Every structure is written in structure tokens, then in C-alpha cells.
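Go ahead and model the full structure; you've got the sequences and the hints to work with.
This is what each chain is made of:
Protein chains: 6
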Amino acid sequence: MKLGLPKGSLQESTLKLFRKAGYHISVSGRSYYPVFDDPEIDSMLIRAQEMAGYVEKGILDCGLTGRDWVLEQGADVREVAELLYAKEGLNPVRWVVAVPVDSKIKTIRDLGGKRIATELVSFTKRYLRAKGIRADVEFSWGATEIKPPYLADAIVELTETGASLRANNLRIVETILESSTRFIANKKAWANRWKRQKIENIVMLLKGALAAEEKVGLKMNVPEKSLKLILGLLPAMHSPTISTLTDKGWFDLDVVIDEKTVRDIIPKLKKAGATGIVEYQLNKVIP
Amino acid sequence: MKLGLPKGSLQESTLKLFRKAGYHISVSGRSYYPVFDDPEIDSMLIRAQEMAGYVEKGILDCGLTGRDWVLEQGADVREVAELLYAKEGLNPVRWVVAVPVDSKIKTIRDLGGKRIATELVSFTKRYLRAKGIRADVEFSWGATEIKPPYLADAIVELTETGASLRANNLRIVETILESSTRFIANKKAWANRWKRQKIENIVMLLKGALAAEEKVGLKMNVPEKSLKLILGLLPAMHSPTISTLTDKGWFDLDVVIDEKTVRDIIPKLKKAGATGIVEYQLNKVIP
Amino acid sequence: MKLGLPKGSLQESTLKLFRKAGYHISVSGRSYYPVFDDPEIDSMLIRAQEMAGYVEKGILDCGLTGRDWVLEQGADVREVAELLYAKEGLNPVRWVVAVPVDSKIKTIRDLGGKRIATELVSFTKRYLRAKGIRADVEFSWGATEIKPPYLADAIVELTETGASLRANNLRIVETILESSTRFIANKKAWANRWKRQKIENIVMLLKGALAAEEKVGLKMNVPEKSLKLILGLLPAMHSPTISTLTDKGWFDLDVVIDEKTVRDIIPKLKKAGATGIVEYQLNKVIP
Amino acid sequence: MKLGLPKGSLQESTLKLFRKAGYHISVSGRSYYPVFDDPEIDSMLIRAQEMAGYVEKGILDCGLTGRDWVLEQGADVREVAELLYAKEGLNPVRWVVAVPVDSKIKTIRDLGGKRIATELVSFTKRYLRAKGIRADVEFSWGATEIKPPYLADAIVELTETGASLRANNLRIVETILESSTRFIANKKAWANRWKRQKIENIVMLLKGALAAEEKVGLKMNVPEKSLKLILGLLPAMHSPTISTLTDKGWFDLDVVIDEKTVRDIIPKLKKAGATGIVEYQLNKVIP
Amino acid sequence: MKLGLPKGSLQESTLKLFRKAGYHISVSGRSYYPVFDDPEIDSMLIRAQEMAGYVEKGILDCGLTGRDWVLEQGADVREVAELLYAKEGLNPVRWVVAVPVDSKIKTIRDLGGKRIATELVSFTKRYLRAKGIRADVEFSWGATEIKPPYLADAIVELTETGASLRANNLRIVETILESSTRFIANKKAWANRWKRQKIENIVMLLKGALAAEEKVGLKMNVPEKSLKLILGLLPAMHSPTISTLTDKGWFDLDVVIDEKTVRDIIPKLKKAGATGIVEYQLNKVIP
Amino acid sequence: MKLGLPKGSLQESTLKLFRKAGYHISVSGRSYYPVFDDPEIDSMLIRAQEMAGYVEKGILDCGLTGRDWVLEQGADVREVAELLYAKEGLNPVRWVVAVPVDSKIKTIRDLGGKRIATELVSFTKRYLRAKGIRADVEFSWGATEIKPPYLADAIVELTETGASLRANNLRIVETILESSTRFIANKKAWANRWKRQKIENIVMLLKGALAAEEKVGLKMNVPEKSLKLILGLLPAMHSPTISTLTDKGWFDLDVVIDEKTVRDIIPKLKKAGATGIVEYQLNKVIP
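Residue numbers (this note's numbering), protein chains in the order written: chain A, 1 to 287; chain B, 1 to 287; chain C, 1 to 287; chain D, 1 to 287; chain E, 1 to 287; chain F, 1 to 287.
Hints were generated in silico from the structure; no laboratory data involved. Some clues are possibly wrong.
If chains are identical, the list can't say which one is meant, so a pair holds when it fits in one copy or spans any two.
No more than 30 Å apart at the CA atoms, straight line, and that leaves these computed lysine-lysine pairs for DSS-like [claimed, not checked]:
#1 Lys20 <-> Lys260
#2 Lys268 <-> Lys106
#3 Lys270 <-> Lys248
#4 Lys228 <-> Lys271
Just so it is clear, the structure is predicted and the values come from calculations on it, not from any experiment.
What follows is the structure, encoded as C-alpha cells:
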């Protein structure tokens, strides 16, 4: 099966995710062909911008890219799963219309007749056309945010926190697209029973690895009298595992919980009588 | 609650410790205000030398700094906990009087009338005064260890291993202060029920994270006949967890022990009949 | 006990392995004497090429080096264990005869009368002699792969993937030696009861640490009706640990399995009814 | 006057050239507006690909870019000067058609009906059309040289030495464009007396700085009898400067010559009787 | 002679200046004693803050430090020369009173009763006292600019461009001290004939090296008829050197001029008839 | 002509020297074939240790290497010139016999029957044999200085400053070889008129470039009355160049002098009446 991996800003976090999912991948120097230890997978590094097109044509069976570039290419592919990870954080990114802080453009209605610079030309054109706005949308080779006001009246640009826009004295007019990473598949490949099964298994493992980043395991010793109280405190994925201790009248509880809640729960567990509380890390969590 | 974090040599290890304790902290570039994902905590990076003063005045509710700087500032604060971690190792540091290897100064009695360079001016003055020694203690802006013999007769300087002193041909005359990191609180903040509870919970998690660095989890399969012998070998924090195996006559033991003892215990356990011995890492250990 | 560690390309991975095995080792700057926190071990960094000779002579009691250099030196030592790790991967390396792509040399028979450059002079000479081939084997100071065709007719060179050979337009004629890392001991030291025990314990821990790189722990919740089916899917080292859940009719299974198989087994377990599947990492695995 | 400087691979060498020409330029961090110490110049960093279009439209009065991108954009601008410098060397670069080493494509005639990937889409299309060849020319986002054979049949790509093409097993079919850096001006700006004078002065200094990279100063002592012979050897820009030495019968010659010829001329001068030959570096040379 | 060099931010530029002046200096690793190839100079790296005190006491004969720290220490030393260089630029630095942008403090009169944080405690106290203002001046260990408004009401801080103040939302109230680097000498050393001569020679070379950074040499060929016109254009330090060319009726002019004026003068010289204009760099310029 | 350049520690300084001599050399990545802009030179990077052998055999016509390796290989080559440059300084290096500080070996006479580790096996053997000393000289793969006392009784090792020996607690017993870089030629190549001329020209340029590192040019304005006094102060290579100034009664002197003497001469010149003293750098100086 031919799998496309996004070259560039998502590359490292994607390879890390696959590795956590259980694949051993070697990337030799500047090679564009990461080698998986699964002989059924032939992988290739391809720019996220070009991924969907190659998947649509069947040159690749499946791949990872952003929803933005799927839409930009207008590619007819099967979206198998949303995977919430990005270069740095885990949040979706946004494509916004931005203008200079002191521009007269207040809403996207005001874009009529203006010059707009963006890397996302096709989507932007379709979006504006659908709203009945006629503007001059030009392809930008990068550094888009420095173009207004001289080189463009407005831009359509990707932003995570808005910091780069503010640094260039730009104001957001409207968000026109939210995007996150997607696992996409060629439609014929998806129809093929073996390939579909293969893709679904990979996606299950990738999701398990992602989920594990937000979970931890927690074990503790609990005296019989506190057992009920403590069970009530624990928001386990499933009900917790209970083992006996050699010390009579004591139990061992083992649960998986949200890493974020640990710092609030531990003081409560301690107060409720738990001792020997131990937190450990997880590689994968599959519900 | 306003929390002071030590800027400088302790900064990275302090942030790492808080992260391990369960806080997600973002430090943007050169900002002095790390942002916690807990909205109840407002943190600020402050030089360890100045921390105790600001905590005493209530500008901060609590903070982390060395015992040395609490004493140097003569600050009236509540010492909540000792946290044994430092820039590199986990050991306390020492402030020592040091002189050139061939100096005639043999004991601190010989410091009378001499010039002493140090960053710890107030404490050194008080210490010598208490011993009835009159010397000229001057503030040093750094690089103190290269000052003797031309620029000073003796120095009072921080040392972990003594290596830097030896490299500058200095001999230690006396240790005048041992210091380690402390979690300190403003006395009014400590009297406030909510703040005190908050501080105690943070300290519990920090201690749990520190303790985990020296512990590991150990699991093994034990045949019934060896159970007693093996239980005798295990210095668990609490008594071990025992589960049954599907294989009749076998048990699974799960304990938390000192990482340092593992390499000695494993060969003994193996000899005593344990099989399938597995060691795993821990994030937090709270007794 | 005097222990030799391989300096150079294997150095970092060897120290890492010992650390994982439970030893705290400090290497100060460019020192050749890593300090273990075990006072019974005196270690020294020595080039892998020279290790076997020093162990044979008893200057070292034991050490780690490649089988290739044991053979090159023709050293009479006790091979205690094979440890499958290398600079990068976990695979054995190969010494091959290589010639320019367009050379007339097709088999090693054609080497008669030719100039061969290599770092492995003795072994190569013995190998050729045994086959009745007379060639001029010259020692090469490095950069061997660029020598043909002007400076040599053929080379005998180490290769992991063949990439460097291809980059220099060389073709592999024959593999003459496969090699991997070995823990070797001096024969007298091995006969000494205390030293042998010490060596065996170290090797047990090193193997445990190596094994852990290929194993993970897996826990899951299993409904009573699926228990048998799922037990059948699990290739545990020993039979799995079974605990009860607070939820009646459910069990918790805990096993150690090959990390490589996880990605295949998880989909099957899920299908068979397991939920709450959790994978966690291991530091050591001792069977 | 608005001046465009090429962002990217030419950026550093361009700024260095302007500095050598006598301008003090500060570039603060990631700013796109280098500040000149000449208040009459407003500069801006712009991708070379986009420069000519902005100069044509008069958004910039003048700028530096490659001839390739002037042609790609089909921009109607005044070409003021050719400046022979590039990212690394001083040679023009070439755009070539390249195909896999074992491709059946031998001449560009064979491109009919094939897929061609390139960053230089417009020029390539025009070039092929003019030759009567119909091919499918697709825009490539980069890493063009790894696309054949799967993602494209041929590429049109920039090359200085051909090394990157060879490394990807590609063969050059034909050079379709040679290019070097040009100083271009907007036609209206050029018609403006003040701007034209300003541009001509800048170009004079840039050329003086470039010329100095290929020239050196050479001084020597010459005895009267050899004077004529030596003057005959010196290919000075103008006739050489002659001064008297305190030593009667000796002269001092001072000339500016091509740095490349120095290594050939010095042995001849020496042979002809010159002594005390001294070579010194030049910052600017203006004929 | 004992010479103090400023350790820290000025260190590299000071060593570079001495090297350009003609001294070969070796600084081995972290040593505080740079070794000059002049056996009459014993140098030592000392913090600029402490320099003047040690020079005053005669522990050093002379040294380089800022005027600010001479005044802060109230040291009675001989100021031999001002040397206009700094960490980055060649301009003096300023110590300013700064407050939060929205502070009610408008002039230094408003500082009465306020808390002021600064590294320059003594000078600030004296300055305010002289103006009849009573404020609480506290020593700051660094990161002073982030203290207002919580940790201080105002600061007295060093600034070159004001950028760091603006980045922390601070407003400059008043400049209280301008400072630049000074070469200072102990008064007794200055009275010593040999030491004074030595110091004056060093200062002459340092100034010659500094001056050379702003000058270049310019040579050109001039026809007799233009000689007067061109001499009128040249603002030489002294009158220019004139040599004859082998070409009758032509002269060679050689002058030293400000590097900044070159870009304006070259076009004028060219227009006036000069040819073969050549600019070359200088190491030292001593008037 | 085939020219060998030393790969490794001398590589960068050798290429720099050739560049200063007037050759443009490009080294692409990890290539072993630096390309000269002189088509008559084919260069190759070869380990200094192996150079002399290849030159002797005529595989190379000439090359640069140390005298030590010429002697070690016992190569019959023509030594054309000594070039005093090294990795860092300009001084010759020494091969010394070194032993542990507390060794009983006091003179090389005491080496009889001892084990000596060295990279310079052949030369050492010959040297000892000539003195009638029988010792066991073993080849060392590097890190020789850490071998005594366990792995060797003494070593023969290269040293520049002795620092590395002291750091390993070794004492120098005797220097057995002083070495510096040599330009060597194959004897047949040397007999060839064209090759010999080529080599001599290259050597002249290399020497000119080396000499320039220790010389500077000095110009000054001198009033007629001081001329004689000042000429007496100047140790020019040849007598100085004198030109007239437009100012009557003044002369311009231009000389080349040792850079080391400049800092002493400038104050004297100034005192003697010279003004407008200017120092400038030189690329090559050929006497």
C-alpha cells in the first residue's frame, strides 16, 4: 500500500506519531522514501499541498494532509479520520482574511474589487464567488503577511495564535476555513477490502497513540473502608481494576485517567485514604 | 495565587519539575511570565537572590528559592518544604570560605583584618560577627573564585563538587552554610485557608514528581512455593500487590522500589525463582 | 573488576545501555575512564579494534567489542554473550569485498594479484589464503571507499545498508564476515568465581535492558465470554496476569509482548471484545 | 526611491554587495524592510520570482532579480545592468530539461505528450510552444528533482553544477535558459531625471564592488634596466603609477590587475628582475 | 604593567580592538588572564563594575571600563582617553529613569517616596539627593526592566536604542547619565614616567585602530587638466600624495577619507575626470 | 599535474593557504577531489600519513605532508620546500617519548625491553635501533596518550604545547623528531622540466602568502627635515618608496615591515614628526 507522509512542517510530528503507533521507520539523510518495517507499506514524503491530488489519482493509496489542502485541490477523496495534532499544539488551524489594522475593509463584503494575496487561491475564489464577491485573488509564494498594504489589499493566511498577524499590523476580518490533519484515502483503494482493512488498522493505532498523550495510568493502595468513596472519585475509562494486597484489608486499584485531572484528583485520593499512589505513562490507549 | 519561579540556573529544572507534577506551562520567548494552564496560578520569573524579599512583602504569595538567599535577605517567611533538586544533581550545595592553597589562613579565626569577596555579603558579615571576627566583606559581581590572592584574601563561594575551587588553586577553610531549594510562603498567605490548601497541594505533587525520579515499578511472576522467600527480598513502600495468573500456582507481584537497588535485587529474585521480571518507569510517587 | 567499553561509534549506545541496566555513569569531558556508581567496576574506554587483545592479555577482565575485531586480532577469549545492538540499529553489520561498478572483478576468485585496501587486514589475508587466493592486502587509514579504482583495485569494508558503497559507485562482490557486538571475558577472570558471578549479573541486566527495547506491557479489560478467545491471541512470555474488575463479569489482563507484534494484535484484540486497551513502556525484561 | 532586494537564496550576497558598495544596512530580525543609512532609499525584501512584476507595475522603482524570473513574468521593465554574482559563485545559472538516466526521452522533441514538472511554468510553455511541442507542464512546489519517474516524466530545473541532478539519477536533455542577476528599473522611474541619476550611481558602486572581487593591487620595486620589460608584462587597467625609491636607479610600480592573473604574472615579474612584490586587496575598482 | 580588561559584554570587542592595535593575545579556555605577546603587560579580566575600584587602589595600573561605573564607584582615577566603541555600535549608552507607559510619574520630581530598582544604586542616590528628591533606591540583580509596576515604581536602566524598554511598555522620564568606554589609570602609575609612556603608546594604537574603522584609502588616476578640480573635491586628512604615471599628463592621487563619504564622492570624481578609482581598507590611522 | 592535499587536521589551513596564493578551489560536500580553477592541477585529499607513499610511487606528482610522515614511510621523494604553518599556529611540532610522571624511565636508554605505543612505528623502531635500544614498539590506533601505564610503558606522540601530555600525567623524556609541513615531489616529476617549473611557481606563491601573514604596509607623510631620521627608523625589506605630496616640503613614504614591530615603531615615527600614518594589510609578499 502506498502511503503519503507530509513533508515539511508536519513531517517530524507525523513520523513521531507513526513511531509511537508501533512502526519502525528509517529516513536516510535527504531521502524522500522513509522505510517502514512493514513490507506492506511503501511510504513517500510529499508536500501537504500536493498530497490530495496524488491520492485522488491513485498514485498514492492514502496519505495525511490538512483539510485545507484537500479543499484547495478540490480532490475527490475519502476522508477516513481527523487526527488532532499539528506542528506544535493539538489544535485546529484557521485560514483568515486579514487586512491592515487601519484598512477601510471591515467585512468580507468590502473585498469587492480588491487584490487578495494567498497560497489558497482556489478555495478563496470559490468562497468569495459563493458569497457573490468579485475580487482579484493572486497566488503568493510566501511571506504573505508582509504584503499589505503595498502588494495586496488583503490576504488569506493560515494562523494558529494570530501572533504573526499582529506582528505585521494586520486585523482579522473573518475566518473562512478551519482545518486539521486528515487521513485520506483514494476511493478505489477504500473499496478494496484488504486496503481498507489495512488503513483502518493504521488509523486505530494512530488514534491510540494520540489518545495516550492525554492519559496516564494511576495505581494506589486503598483500605477496604475507603474503597467506595475512592471509586466514586475516579472517572475511569472503564471501571477500575482491583487486586488484593498481601496486607489483608487493602486493595490495589489501577485506572486510566485524563492527565489533566491528575493534579486535582491526587490530593482528594490522598485525603480519602489512598496511599502508595503511583502515576505511570502510557504509549497507546484504545477505548 | 502569585507564585515566584527562580530565574537563571534553576529555571529549567524548576519548570521541568512543575511539568512532571502535572502543569502545562508555556514560556513565550523572553517573557518573564510563564503561563500555567491553572488559572488560579499567576507565575513570575524572579532571580533567586531577590525571591524571599518579595515573598516577605507579599508581592508574591509563595515561591521557590535557596535557603541561602532566604538567610541572606533575612526574610521572615514560612518555609513550607525542602525540595532536593538543583541545576544538575539532587544534592544540597555549600557556601564555603576558600583561600589560595598556599595561604597562611588555616581557620576562619585567621580572617581577622582580611578582605573577603562574596555575593553573600549580609550572611557572611553576620556569621563572622557571631564568631567575633572582624573582616572587610566586599560584594563581588561574579567570577569570585579568581580574585584571590590579588583582589581578595579569601572568598565565600558556592560549591557543589569543589572542582571549580580546585581549578583556581583554592583550598576550603570551612563550610559556613548548607543550602537546598525551598518552597517558601508569605505568612499572611499561609494563614489564608484557600491559599494554604493550594500551596500544600502543589507541594504534594512536586514531591511526588521528585520521588518518582528515584523509584521504579517492578512486576514479576512467582511460583507459590517461592512466594514467601521473594516477599522477604522486597523492600516495598507498602506491601506488594498480588494478582493471580491464569497459570495455577503462580502469582503476579507488583511493587515500587528504589531504582538504585534494582540491579542488586534482580539477580536475587531470579535466583529465588521469579520469572518474567519487568521494570517500568514512574511519573509520580506519593506515599 | 576491569571492564573495557568501546570508544568511538559504539560508545554512546553502550553507555546508554549500561545506564538503562541500572548503572549511574559519569564521563567527565574527554576522560577515558567513565566512573560507575558501583565501586567494584573500573571501566575504561578503548577502541573496539584493540579490545580483544587487552582482554586476552588480562589487562582487562572483560569488555564489549565486535566479533570482527575479535577475529582480526585472533584473540583467545571467552565469548560470554552476543548483544544485538549497534550504533544505530540492532542488526549485525557485514564486511564485504567491493569493487568499482564497472570493474572486471566478478567473484573473489578474480582478486588474484590485485591490490585490496582495508582496515581488516589480518582476517582478510587469512580468508583469501584459505581460498587459495594470493592478493596484495594493504592497510587503509580510512576513507577506504574512495580508493578504487586509482588507489586500490578492491576494498574490504564495513557496511550496514550499502548506501555509502553505492554513493561511491562500488559494487559488492561477496560478504566475508558478519559481525555483532559481543561481551567477552578473559579466560582466567572467567575461572574466578567472584568475577564470573559479577559478569553474569551484568550481562543479565544488559540483556534485560536490551530485551525491554523490543517488549511492551499491554493491559486490557476483557468480558468473561471473550476470555478464552483473547488468551489464545496473546503470545505472553509467561501466562498473563488476570485481575478482577469492580464491574462483575469483566477481567483485567496484563501481559508482556513483543513491541513489533502490538500493531497486529491490537486490532484483533479489539475485534475479539477487549476494551480499554493500554500499552506501556518497559525498562527491563528478564525472562 | 523604492528598491527591491531579492529575498531568499540571493539575500545575503546581495546585502553583502551593497555593504561593500558603501551602504550601512540594518536588518532587524525577521523584518522585510532593511534600513539603509541613505534616507533617499526605501528598500524591501521580495522573492526574486515576484520582483519584476512589482517593478513593472511601479510599486517598486527598481530592484534586483534574475533574468529567468523577468522572462517568466514577461515583465516590461528596463534592464539597467547585469551583475555577475550568485548565491555561491559568480557564474550564470541554467534551467535545464532533465529526465531519468534510463528514460527514452533523448531530445526535447520526445517531450510531446509527457508530464513536465517545474517552477518555471510560463517560460517553459512558451519555449515548447515555439518549438511546436505539446506537453503537460505542471507547477511543482519544490523537490522537483525527485519527481521523475513516478510523479513526472521530465522536469525543468535550475542547476549550477548538475550535482543535485546526478544525485537523483537524472540526465540533462537540453539547456533552455541561461540566467544571471539583473538590476531592473521601472520605465517611468527611468525616465525621471533624479531617479535615473540615483540608480546609475548605485549601479556604479555595485559594479565597483563586484569588480574589486576580481582585482588586486600589486606593487613592486623595479631596477631601471628592467623597467621597460616589466611594463610590458603588466596588463594594467590604466598605465601604472611610478614612484622613485630612495635607492637611486630603482622605481616603485603600483598597478591594479586581475586577481586571476596574479599567480601567472608574479613568477614572470620575479624573473624579469622585480623584487619586494606586494599584493593587497581592494574594496572597489571603478574604471 | 597591570592592565584590566572588562569581562562580559565588552570583552570580545575589547580583545578585537587590542588585536587590531597590534597585540597577539591568547585566552586559554575559561582563564581570566589573557596572555599578551608583550611581556611588559600583565592583563586580567575583571567585571566593568569593579574595575575603577581596583585601579584606584593600585591593584591594577590601568584598565578599560565605562564612565558610568567609574562614577558609581566614586573612584579617584585618571581618565586617559575616551574610546568610542561598545558591544555592538560605536555610540555612547544612556542610563535613564523609566516608568510604565501609563504611570502618573511624569518628571523625576514625581519620584519622591517611590521604589526605584537599579544596578546603579550609589550614583542614582547621589543624583536624586542633589535634586532634593527622597526615594527608596534598591539594588536589582538583573532583569530590571520587567519589575515595574509590581516590583518597583520606576527603574534606572541602561539603554542603547530604547527597544528593550519599549518591549516592556516602559516610558523614559529622564536621562541621568551618558556613558562611554574610558581608558583609566591609577594616579601613581600615571605619575611614573615609564608607565605613563607605556599607557600613552597603547592608547595611541587603540585610537589608531578605532579610527581606521571609519576611514578608507582611495587612489585614482587624474589627467593634468582635472587635477585642481579634483583636489578641491577631496577632504583628505592631510594633503594627498601625488605620483606620476608612466602615461604623460596623468597623475596618481592617494588619499585617506571617511568611509561614509565615499559613495557620494566617487560619482563626483568620476564625473570630474578621474579614472581607475580604487578603494582599499586600512588597519590603523594615526593623524 | 596531480597534487595531493592533506585530509584531516591540516585540510582547512592548507586550502586557505592555496586560496590566498591565488587559487579558487571548490570542495563539494564530502568530495575528495577539490576542484582548482587551474585546469593543469588535479588535486586529491589524502591522509597526511599516506601522502609520501603515493608521491613516491608517482600516483601523485607532488603533495603537502609533514616531514614526520615522509620519514615514517621512508619515502624516496624530493623535498621542495618547508612551509611553516600548522593546524593552529605557525610552529613546528615535535614527536616525543613520554612516560607517566612517576615512571622509573628517565632517559631513552631506560626503554630497553619496554612496550612503546605510537602511530609512528617505523621511525621509532629505526631511531631506537640506531641507539642500540631494543624495545617493543606497537602501533596505536589513537588516544595514545591515555595508554600508559596499563597499556604501554611509554609512548611516542605528537605534541605542540605539551598540554595534552600534562593533562594525562605524562612526562617528556626526549624529543626524537621535529617536524613541519613540507611540499614534496616525485623524483621523476621533478626531473620533468614543465612539472618542475609548475611546482616552483606554486611554491613561490604559497611562500608569498605565508610571508604576508607577518607583514603589513605602512604609509606616512613626512616633512623634509625629518626624512633622514625617519628613514633610519624603518627596517624595510627594500628601501622605501618616496612620493611627493601636493603640500611642498612634505613626502609620502610607503614601506613593508614586520607586523610585530608596528606597535613599537608607530610611537617613534610619530615622535620623529611623521603624520597621517596609515597601516594596511597585504595578501602576498615576495622578496
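Against the structure, the hints:
1. Lys20 <-> Lys260: Intra 20 Å, inter 11 Å, cutoff 30 Å: intra and inter.
2. Lys268 <-> Lys106: Neither: 49 Å inside a chain and 52 Å across chains, both beyond 30 Å.
3. Lys270 <-> Lys248: So Lys270 and Lys248 pass the 30 Å test inside a copy (20 Å) and across (26 Å) alike.
4. Lys228 <-> Lys271: This pair counts as within: shortest intra-copy Cα distance 14 Å, inter-copy 32 Å.
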